[in-house]
Amino acid sequence: MDKNARNYFEGLFERSSKAMLRYAALKVADSQAAEDITANTFLRLWERIRAGEKIENPRALLYVIAHGLVVDHYRKAGRQKSVSLDLFDDVFEGETEGDITSAINDRLNYAAVLSATQKLKDEYQEVLVLHYVQDISISEIAEILGEKENNVRVRLHRALAKLRDVLAPIHIS
Amino acid sequence: MNEQEIEQILKKMHTLQPKPEAFGALRGRVFGVIDAGARPVTPPFWSRYSVGAYASAIMFILILVAANQMPMHSTYNRSISSLASLEQAGYALENGTSPATNARNLQAILRSTRATLDELKLKGQFGAYSQSDCLHAYVLYDSYLDYLSGYLDEMIPMLKDPDSAAAFKELQAYVADSQTEANARITMYSPSQQ
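Residue numbers (the working numbering), protein chains in the order written: chain A, 5 to 177; chain B, 115 to 308.
No lab work stands behind these hints: they were computed from the structure. Note that this is a predicted model, so its numbers are computed, not measured. Glycine is no exception: its CB is placed at the ideal position from the N, C-alpha and C atoms. Where hints are given, some of them may not hold.
[Said to hold, decoys possible] Each pair of labels, with its calculated beta carbon distance range:
1) 297(B) <-> 109(A): 49 to 55 Å
2) 283(B) <-> 58(A): 55 to 61 Å
3) 119(B) <-> 158(A): 18 to 24 Å
4) 138(B) <-> 109(A): 26 to 32 Å
5) 127(A) <-> 260(B): 39 to 45 Å
6) 12(A) <-> 128(B): 22 to 28 Å
7) 75(A) <-> 263(B): 30 to 36 Å
8) 11(A) <-> 304(B): 52 to 58 Å
[To be verified] Negatives, chain B to chain A, calculated, CB over 10 Å:
9) 223
10) 268
11) 271
Construct the complete structure from the given sequences, taking the supplied hints into account.
Below is the structure:
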């Protein structure tokens, strides 16, 4: 095994794995499937690094691979899953700040927004999660999706409007 | 909710941090495969459940069987409580801080479960349980052993600590031996053998 390739991959894993696990967990709303998708995402990246492929933007490639695996997951599962509050206990650490009531309210809000997001078309879901939750710039999202920046901006705007329509009857707690 | 509130909630989700154990499991899995030089594989369906959760499902089925089909004999109750211990030991095996100790504890509980189930055979011969009840119990027990065996096959290559690896391998050998015995019992209780 090439030690440099291994060190390079390990650095990428340390920097990106938590974000990728969060992305997968919020996209598929299932802790085990999220672990499968994240592990396979990194293993596919590793195969390409090991094969000596030159990778310009590894983070963008990780999202491309992970998104493909998420799509496969839903194709096999046949339907979108509902978002359970257990997801947050299974995968994520509890809140360290604030009181327990606000922590519970946060989780209820997350579940409501995620459930509503899953009712949108995949192209809308993807830009919302990448931009707001994963904190990725419009230009990098354009690179991940292979689209023009302007298209991504328009899509993000439409996605937010559609999400607002779905969530309009819900009052924030 | 309005757009601003939605944006705020989505942005706050960025602060969600995976639990150390979820991250640790991911790390172990990725580097376990890389260090073994293997290609990525999709785990078999049974590995989607934890050792403890699987035992818990079997225990639930056994309780249903006991409640609906069988008189509550003490041996059967003890089988159930052994499986409850298996459930706890299964969770400890995966989530505890001392893998070697947890593997040894699980092996001790497996021995006790095996001895308790063995009593089913004796009592079956004296009429306290029907052959099909005994068959049912052994099929469930065997499915747990199958699962555990798959879990150990996957875990052992990832263990770096020699003491843990030795304890897991010993447990693996015991599970293999128990599977052989359970399969013999299943054959014995199968209707075609009656």
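How the hints compare with the structure:
{"no.": "1", "hint": "297(B) <-> 109(A): 49 to 55 Å", "verdict": "holds (53 Å)"}
{"no.": "2", "hint": "283(B) <-> 58(A): 55 to 61 Å", "verdict": "violated (42 Å)"}
{"no.": "3", "hint": "119(B) <-> 158(A): 18 to 24 Å", "verdict": "holds (22 Å)"}
{"no.": "4", "hint": "138(B) <-> 109(A): 26 to 32 Å", "verdict": "holds (29 Å)"}
{"no.": "5", "hint": "127(A) <-> 260(B): 39 to 45 Å", "verdict": "holds (42 Å)"}
{"no.": "6", "hint": "12(A) <-> 128(B): 22 to 28 Å", "verdict": "holds (26 Å)"}
{"no.": "7", "hint": "75(A) <-> 263(B): 30 to 36 Å", "verdict": "holds (33 Å)"}
{"no.": "8", "hint": "11(A) <-> 304(B): 52 to 58 Å", "verdict": "holds (55 Å)"}
{"no.": "9", "hint": "223", "verdict": "holds (25 Å)"}
{"no.": "10", "hint": "268", "verdict": "holds (12 Å)"}
{"no.": "11", "hint": "271", "verdict": "holds (15 Å)"}
Hint violations for this structure: number 2 only, all remaining hints satisfied.
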